[in-house]
Every structure is written in structure tokens, then in C-alpha cells.
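Trainee: Sequence:
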Amino acid sequence: MSCNTEGPHPTVILSFSSEKELDDWALTDKHEALFEKIEAYFVEPVAVKLLEDEERGTTDF
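Convert by adding 1 to the 1-based position in the sequence shown; the result is the number in my numbering.
Each computed BS3-like pair below joins lysine-lysine, with the alpha-carbon atoms no more than 27 Å apart: (1) 31 to 21; (2) 50 to 21; (3) 50 to 31; (4) 38 to 21; (5) 50 to 38.
For the record, the hints were derived by calculation from the structure and aren't laboratory data.
Given the sequences, and given the hints that come with them, work out the whole structure.
Mentor: Quick look at the structure:
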């Protein structure tokens, strides 16, 4: 996970090694807890972008 705070709206970037990994993660309570922490950290709305394998280049989550 990385965060870009430049620009009008901060962007949190989540990257997964596969769509299955993302689907598995989405079925857990971890994603809800993460989004609650993200929302609590930022005063303004946050955009979340999920990157495809070709876009991200490395696995950082």
C-alpha cells in the first residue's frame, strides 16, 4: 500500500499479485478495517486505486 498526498485529493494505492488475492482479501474483515483507518486519517474524501499487474510492476502489498 502506498499513499500520494499531493494534489486536490489524496490517493491510496493498493496492489495485489493477482485478482484472486484481491478477491480473497475482500472476503475478510481486513478490508473494512483498512478503509476505516484510511477514512479516519484523511479529513477529505480519499480515492482508492487498484492497479493491474502491468501497471504496478512490483508487489508491495
